[in-house]
Each structure stands twice: as structure tokens, then as C-alpha cells.
Amino acid sequence: MLRNYLKTAFRTLRRRTSYTLINGVGFTVGLICCILVLLFLRYEWRYDRFHENEEDVHRVLRDKRGNWWSTIPFPRYEEATAAEQRRLPRALAEQIPEIQAATNFFVGPHGEESPAYVVRGDQRFTENQLLYTTTGGSFFEVFTFDFLRGRRAEALRQPGTAVLTKSAAEQYFGATDVVGEVLTIERPGREREVEVTGVIEDVPPYSHFEFEVALHVNRIQNWGAFTYFRTQPETQVDGLAPRIESLMNEVRPARVEDPGLRAVLGGVRTQALTDIHLGPRMLYDPKPHRDPRYLWAFGAIGVLILLIVGINYTNLAVALSTERRHEIGVRKAMGSTRGQLSLQFLTEAMVLTLVCLPVVVVALEGLVPVFNRVMDTHVQFDLLRSPRLLAGMVGLALLVGGVAGSYPALILSRKGTVSLFEGSFDQDGGRRWSPRHALIGVQFVLLISLGSITWLVNSQLHYLQTKDLGFRTQGLVELAAVDSADTYRRLKTRLRDDPAVQAVGAGIGPGPGRFEVTYRAENSERVYSNGDVLNVTPGWFEALGITHPVVEKMQAAPGEGTARMLVNRAAVEALDYETAVGRSVVLEPEGAAPLRRTIDGVVDDFHFRPLYQRVQPTFLRVHPQVEDMSTLNVRAALISLDPQNLEEGLNRVRAAWADVRPDTPFPPQFVDDQLARLYEEEQRIGQMGMGLTVIALLLAALGLVGLSAYVVQRRTTEIGVRKALGASISDIVLRLNREFLILVGLAFVVASPLAYWIAQQWLASFAYRIDVPPLVFVGAGAGALVVSLAAASYQAWSTARISPADALRQE
Amino acid sequence: MIHTRNLTKAYRNGFSRTFVLRQVDLDIDEGEFVTIQGPSGAGKTTLLHILGLLDAPTDGSYEFMGEPVYEMSENRRTEIHRSQIGFVFQAYHLIDDLTVYENLETPLIYKGLSGPERESKVADMLDRFSLVAKQDLFPNQLSGGQQQLVGVARALIIEPTVILADEPTGNLQSQQSEEIMETMTRLNETDDVTIVQVTHSEKLARYGERIVELDDGWVEDDYQIDQPEAVKTGH
Ligand SMILES: Nc1ncnc2c1ncn2[C@@H]1O[C@H](COP(=O)(O)OP(=O)(O)OP(=O)(O)O)[C@@H](O)[C@H]1O
Ligand SMILES: [Mg+2]
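Sequence order for the protein chains is A and B.
In terms of my numbering, the first sequence has 1405 at position 204, counting the first letter as 1, and numbering is strictly consecutive.
In terms of my numbering, the second sequence has 219 at position 218, counting the first letter as 1, and numbering is strictly consecutive.
Everything labelled a hint here was simulated from the structure, so no lab data went into it.
Bear in mind the structure is a predicted one, so any value in this text is a computation, not a measurement.
By construction, the Cβ of each residue, glycine as well, lies at the ideal position given by its N, Cα and C atoms.
Each hint should be verified, as a subset may be incorrect.
As the list claims (entries may be wrong) - Sample of chain A residues at the chain B side, in silico, Cβ under 7 Å:
id : residue
1  : THR1209
2  : ARG1212
3  : ALA1534
4  : MET1535
5  : GLY1536
6  : HIS1579
Said to hold, decoys possible - Think about it this way: if two alpha-carbon atoms lie no more than 27 Å apart in a straight line, the pair counts; the simulated DSS-like pairs of lysine-lysine are:
id : chain 1 : residue 1 : chain 2 : residue 2
7  : A       : LYS1488   : A       : LYS1367
8  : B       : LYS122    : B       : LYS112
9  : A       : LYS1208   : B       : LYS204
10 : B       : LYS112    : B       : LYS135
11 : A       : LYS1488   : A       : LYS1265
12 : A       : LYS1208   : B       : LYS122
13 : B       : LYS122    : B       : LYS135
14 : A       : LYS1488   : B       : LYS122
What the hints assert, rightly or not - A few chain B residues that don't get close to chain A, going by computed Cβ distances all over 10 Å:
id : residue
15 : HIS4
16 : GLY15
17 : LEU99
Assemble the whole structure, with the sequences as input and the hints as a guide.
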């Protein structure tokens, strides 16, 4: 029986070339997109699941003023002792029986910090992925990494030891057999020798933290290490949070005793390891997280593409079936059951999808690397090594075929036998409205809504890239390795008289700036926590092209006077001052040493932070010379180059850098690029989403073209007769298009509000965004209309041109 | 075998109804060879479709082999199509995508016969209708007459108890027609197969033993051939 079905299926497909081609292209492209989306979703889902019993690993978060933070209970972060840092993880493991092991770690340098270096002999490597832990070997009890060299039990036992990944070992030593070797880790102001105690496999890219070197240190020099723990299997972790909180109170009594601190502390909660990547990115989380809404969006686009392919298939198969109804009738008369008939139609669809599969595989081989490049992922497509993937693909292909074939199968097998012979279920006459019209309507709704959403996303992304930020970015370079006043001073002196260099200032450039300070107005108790503090020199303003009389005065007398305080308009508003100049603001009022500063001037708001957020109240501390800044605040230099002469300018800076810091690589960053990187995630998702959407659009259009071809073909006789009766070509074209016109109109009414709503959901995540122009929807509607009219009209026109006799003979 | 009472078929035509069959009472016993005659549009094909369980009457009752058709389940009908009824269509209705061989094989597949059984039966039929040379051709590569032959062969191949044949010889030359009629007569006589055929040809009607005349949906006449002065049924 099956052989018979297969044979018929192959013959049907071979004889109807355009039908097979349209559906074949549809299935192939649909499967490619769908599998790509599935691979991506699987990749995201697999995050952090490579650890043994990963569901037993959690981390501790504490709520401070409504934000969730990491847990190192420092009194003040610069001052925590090694013992204080070790207390919580130790207490967790010792005093809560359900917890097997606990660790803390920090991966740095983070964000705006100066780079760190790994030194071996006379070689010096920049290393951005150093992992610091004070818990030593416990780290490898909580997390699972495979040891290539050394033993897990002996790794990181003592402070001053390190574990390297395979690629780090190869980079530094050119070999992995390096247990016992010694490296020097260099950070600004500190140098430390470490002994290698193990080499592990590289950290997979689908880990929410990556590192090249893990270090056991006495003290983590950074603020923001998270505490992780592993429980006994099958522990109900919910019950642990209160006990963890009381332990935290124990190891740090200030949490209870200090009323100021107690007032801002919320509670403690735990977060499962496997929830981290798809959860909100906490301060100091080392890698971008994935907003699950985007995953939903991708999933939805995948489903929509399949839907479109399915609708295309259904429409064409039903249109084609009018041609095949005799066959169906005969089969029924010979005793075929409905089930058998359905199976035959299903077989046909499934054969088609299976035939497409090899093409899909070949295409994916080529496309997955492109996808990875665009999305910055490491999705793998390795059929040979993953039989489950292969089985999944075959399963998906069959499923798609099955679903697509089921509607035709259902309605055709249900028809009465004689009505099949008599052709009384002609659905293409356009006289009656049928479910098929609903399907075409859905197709148009998708065309219009996807089209307008794509348009809006594109406009917003363009807006993000081109909005006037309130400062100059062209030719602006940030040198993050400037980590001491001395380095800065010498660099500035070298570049002072260079014509290719317009301005040099100390201070960081624009960026995500996730660290916020608290402040309050002089006469109010209300503490705000969204302040942004920038420590800069007058040259920084010059480099950014921001002018202010206070700064100009400082520049007129370089190096003289005391530090001044400028604030932006957002700060004035937040403080609720009518005239801000001369009044004061208290920074970190709850800290051990609140700072009261008098405001010397107000600058216009500028967008130093991503456009998701409103401009933060910003406090600019302008130091007459770099030596006045505390070492902690000297982090970077902004250098403005002549935009006409970029290449030249950069070379000068490089040469100057080589003189000033011959020991350190030259790390220039164009601010333009840095800004673009702020929206990298949106760009990536936007590009990929748009690519998929365009494919969906093309598929929908293809289906409509194919369908109208069949509709017209079915009505060839009618066209012939009408012509014989004297109808003009345009009469005929118009008649055939009427149906599509009505459908597009209805679809427009449904699709516009839908698309508007979805676009608004996304746009709402940006504080600065485009207004949605109604023209977008009109444009998308018009686009759908043009596609369908062009398709139907071309067919109608070419049919209408043939002579009536030819048209009639075809019947 | 076949009993109809008051069998009526009407089509809705806007607000009016067009009657195609009107109160047809027909009793056909097992082993009879009946010919239905009548002018074009009289309702012959419609009647045959209903008798063959391919269409439902608008009104009236129909018993096939003692079972009321009205009460039959879809499955039961399918079963009857597979084993009891061989239908020859006026318009042949061969499956375009299958070869002659495969067209003949299809009913046997539905009947659930094994591969070798099918092979021998199909070979037998091809032989009987001199179609061996054509077995690998597709219907559109055959002449009208040849297609008709395949249609007849396909109806006979399942060895049905009833053959319903709608102008089985309409496109055949007279010698071929007669051969087919003889085949049917033989089946009727030796295997007791019930045969209902529609034909316009007086000569071919003679092969049967009883003639039913249909006109505008009415049964005008129903008589045995060797009793020309049969009782007139009327209205
Ligand atoms: N689906 C239908 N709707 C309306 N009328 C129909 C339908 N099918 C058949 N008829 C009408 O029923 C009548 C009988 O048709 P039928 O095909 O049974 O005639 P026939 O006796 O087989 O004629 P012929 O000898 O030409 O084959 C015709 O007048 C036809 O127009
Ligand atoms: Mg007829």
C-alpha cells in the first residue's frame, strides 16, 4: 500500500512542476529557517547545563533598594579583609547541611576597569578573562570542568595558584603540560606570581561566565563577586533563602545593627544556575544575557514561517485537487477508505518535505556559520555526531508535511463520490467564500504585520545609531589602558603639539555605565540611587566638544585652582533646584563618608549611557589636572583626532603610546564603535529577525503568486467564454482581482492594530524612541496589495490574451 | 439483491427542485442481467451511481443484499466497494498518474491482496483484454476505446458479485463490444454475477434478459426480453 502511495506521490509531484517547485522551495526555506531557529533556541536553552547536576547549583542574590546585587558582604568594598570575603561561602557549606559546597568568583577586568596582563618571561599578554575566587578548590566542586592536566582535588588549593584553560595554556606556553609552571598576573598597581595547578578544557561558549585563567586569591579586589552553591541532590532550594539570610546577618552583623543599612536591604533570594542566562542581567554579570522575549520572538517567526509554508501548500493542494477529483472519486468507488485517501495526501506532502531535506542539510552547513557570525553565538550543526539532531530533523520534516497535507487530506477525502465527478465543489469560482479564503486572508495579515514591524524595528535601530547624543563622537578615541596619572601626563605631553590630535582629556568615554551612586539634595532626606559620577579633566570636555564657561575658565589657567562640580539638567530636575549653581548635593549620603559638593555649573543633558534609559542625573567632577584625581578614578583618556586625518592621528597616538608604555599593548577604541556596541544585541537580533521576516514575506508572496496562477488556470474556460462574448482584457483582470482586493482590505484592518501593538511592546524598552508613523501600515498594506495584484494580474493578463478557442479547448 | 422503493433524486436549482429520478421501484435478483435504456438525460447514470452506493437518493429506500443502504456505515460501504461491486464509468475515470497495470492493480491493493496474487490477477486481465502491450502506458497515451477496456477490466478484476456498467462499450468498435458483452454474459451465466448495464444500443441490449426503460426519471417500461409483451409498470 505504502509503495503505491509513494509511487503516486512521486508521479504527482513530477508531473506538476510549478506546484512542486513552489512547495519545494517553500518547504526547503521553511525548514531551513525553522531548524535554524530551533538550533538557536536549543543553544540558548543549553546555557550552563553542561555542569553535573546543574539543577543543584544556585547563586545568592540580595535586594538592596529594590535592585538585586551580588553578595560579598563588604563593609565598604575597598576595605573587606580576606577573612571577611571568605566567611559567607564557608558558613554556607559548613552550617547548612543541604549545601555541599559554596564558592564565590569574579571575572575581570570588568567594564570600565583597566586591563590586566599575564606575563611570562618577557612576554606580556592582555587578559580580559581572569577569574578570581577566594574559595579555592570549592570552585570546582560547584562547577564541573574537565581536567586535562593536574587533578581536580589538588587544583587551586592554595592562594597564589591558578588553573588555565587549554587555549590559555597553549597561548602562554605553547603546550598544555604546564602544571607547576609559574606566571605573573599584573593589574594596575599590583603584581603577583601564580603557580599553575591544572589545565582544563576550554569553557564552553554557552556558559554564563567564561574565563581563561582561574586564580585562587586571598582577596577579590573587585566589588561584585557572586556567591554560588551546590546543594545535595533534590533539595528544595526555596526553603534555604531565609537560612542563608540569617547566615549573612551572622557573618556581617552590620546588616542588622546599622539602621541605615537595614533600611535599604530587602531580602535574599536564590537563583538557579540554569535561570541566569535568560534572566535579567544583574550588575557585574560578566556576559550579556538573552532577553527571553527575543527568544519568543524568534520562535514566533519560526512558527509563522511554517504557517506560511503550510498555508501555501494547503492552498495549492486544494486548488490542484480540482484537477484530481476524478482520481479521488474513482479511488473511493474502488473501496478506498477516507483514512487511506487522507494517508495518500499526507504521503504526498511528506515525500515532498523529505525530498527537500538533503538541500536543507547542505544549506544549513553553509548558513550556521553565518548565523553564528551575525548573532555572536556558537551554534553547532553537526549531523554526523548527533543522530538525535538528524532524527529530529526528519521528524520535523514529516511533521511539517503532515500538518501541511492534513487540510487537503481532510476535505478531499470527505467529499461525496459523485460530487467529485461532477465537480460541484469548485472552490475557485470566487462566488463563494471558503476556508481557503480565510487562509489567504491570514497570509495577507502576516504580510502586512510582519512588513510593518520590520519597518518599525529598522527605523528604531537607525534612530539609535543616528540620534544626536549631545557630544561629538567623530574621530574620538578612548584609551582604556591609561591607568595612572603619570601615564596620562606623559601621553598628554607627547601629543600636545601634534596637529593631528585636537584634544586630550582624562576620563572615561560613553558606555553602559551600570554602576550608580546615591545622592540627595542639601535640604531633603530623600535619597536617590540613579546618579552617575564622572571624574574628568577640562580636556575631556574639549575632546567631547562640550563647552561650559566654568571649563573654559579652568582651561585658561591650566592646572590651577580646585576641582569644580558640574551637573546636568537631569540632576537639577531630580534635586528639584530652581537655580542649582551655588547649592550643594550630598553624594553617597548613607556611606561611611558622605561627600557634600557645591554645584558650580549646569550642562545640557548628553546621552552618555544607552538610549534605553533616560539621561541619568550626572555629577561631573572636573579636576584642574590629572594628578588631583584619585588613582582609582584615572581609568582612561579621551583623545579627539582630526576626522579628516584619522589614520595619521591614530599612528601618532600609537607612536606616543609606544614611548610612554612600551610594556603594554596599544588598545584604542573608537567611541563610535563603542556606542554601536551598546545596541549590539538589538542590532544582531534585529538583523536576524529582519532576515527571517523578509524570508517569511517572500514565501507568502510566492504562495500568493502560485495560488493566483492556479485560480486563473482553473478559470481559463470562463475567460475564454467571456472573451468570446466580448469582454476586454482589463475587464477580466479586474474581475479576477476583486477577490484579492477585498481580502487585502480586511487583512489591513486586522494587521495594523496587531503590528502597532507588537511594535509598541518592543519600543517601550527604549526611553528614546521613534514615533510610530501611520504611513508604515499604509505602506505595508499597499505592498501586500501590489504583490497580490501583480501576481494575479500577470496570470490573468497572460491567460486573457490567448484566443478564446485555445482557452476553451483546454477544458 | 437490489430492491428500491420510491427512489427519488432531486437537485436543488435555486428555489426550485429538479427531479432526476422519480419514485423508482426496482427489484433485481441475484444472477439477473438487466439493461437500462433511455434517452440522454433520463437519469440512467444517476440511478447507477445510487445503485452503486456512490450517491445517496433524496428520498425512498434502497436495500442492497438485504441491507438498508441508508443505515450503512461508511466502512460497510467501503467494504462493499472492495468486494461486491464492480463499477464501469461512462467517462472511464482512469487514474491519470498510474499506468494501465497500476490502474488494474489499485482495486486489488484496496482489497488487501498480496503482491503475487495481484500480479497473477492483473496478468490474467491484461491477457483477457489484450492489453499486455499497453500495460506500462499511462491513460493519456491510450485511445478512448482502450481506456474503456481498461475501465471494464478494472471493474471485473475484483470478481464482484454485481457489475454496474455505464455504457461500457460506448467507444468500442462492434467486435470488441460484442467480446465484452460475451465476457459479461459468461460471468453472468457461469458465476451467477448480477449485471446492470446502461446502453443505447438495441443490439447490445439483447445480451441481457431484462430491459428497464427510463425517461425523465420515470421507469417507463420493465420487461423480460423473451417475453416482449411484459406487464407495463406505469404511473
Ligand atoms: N449535480 C447535478 N445537479 C443538477 N442536475 C444534475 C446533476 N447531475 C445530473 N443532473 C441532471 O440529472 C439529469 C440526469 O443525468 P444523468 O447523468 O443521470 O443522465 P443519463 O441518463 O446518464 O444521460 P446520458 O445518456 O447522456 O449519459 C440530467 O438532466 C442532468 O442535468
Ligand atoms: Mg449517462
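Hints versus structure:
1. THR1209: holds (6 Å)
2. ARG1212: Where the cut-off is 7 Å and the nearest Cβ of chain B is about 4 Å from ARG1212 (chain A), the hint holds.
3. ALA1534: holds (5 Å)
4. MET1535: Nearest chain B Cβ about 4 Å off; hint holds.
5. GLY1536: holds (3 Å)
6. HIS1579: violated (47 Å)
7. A:LYS1488 x A:LYS1367: Measuring from Cα to Cα gives roughly 21 Å; hence the hint holds.
8. B:LYS122 x B:LYS112: holds (13 Å)
9. A:LYS1208 x B:LYS204: violated (42 Å)
10. B:LYS112 x B:LYS135: Answer holds: LYS112 (chain B) to LYS135 (chain B) is near 24 Å, not above 27 Å.
11. A:LYS1488 x A:LYS1265: holds (22 Å)
12. A:LYS1208 x B:LYS122: At roughly 20 Å apart (the allowed maximum being 27 Å), LYS122 (chain B) and LYS1208 (chain A) satisfy the hint.
13. B:LYS122 x B:LYS135: Roughly 16 Å between the alpha carbons, so the hint for LYS122 (chain B) and LYS135 (chain B) holds.
14. A:LYS1488 x B:LYS122: With a Cα-Cα distance of about 73 Å, the restraint between LYS1488 (chain A) and LYS122 (chain B) is violated, given a limit of 27 Å.
15. HIS4: Label holds. Min Cβ-Cβ 21 Å, cutoff 10 Å.
16. GLY15: Fine: 14 Å to the nearest Cβ keeps GLY15 (chain B) off the interface.
17. LEU99: About 7 Å separates LEU99 (chain B) from the closest Cβ of chain A, which leaves it inside 10 Å; violated.
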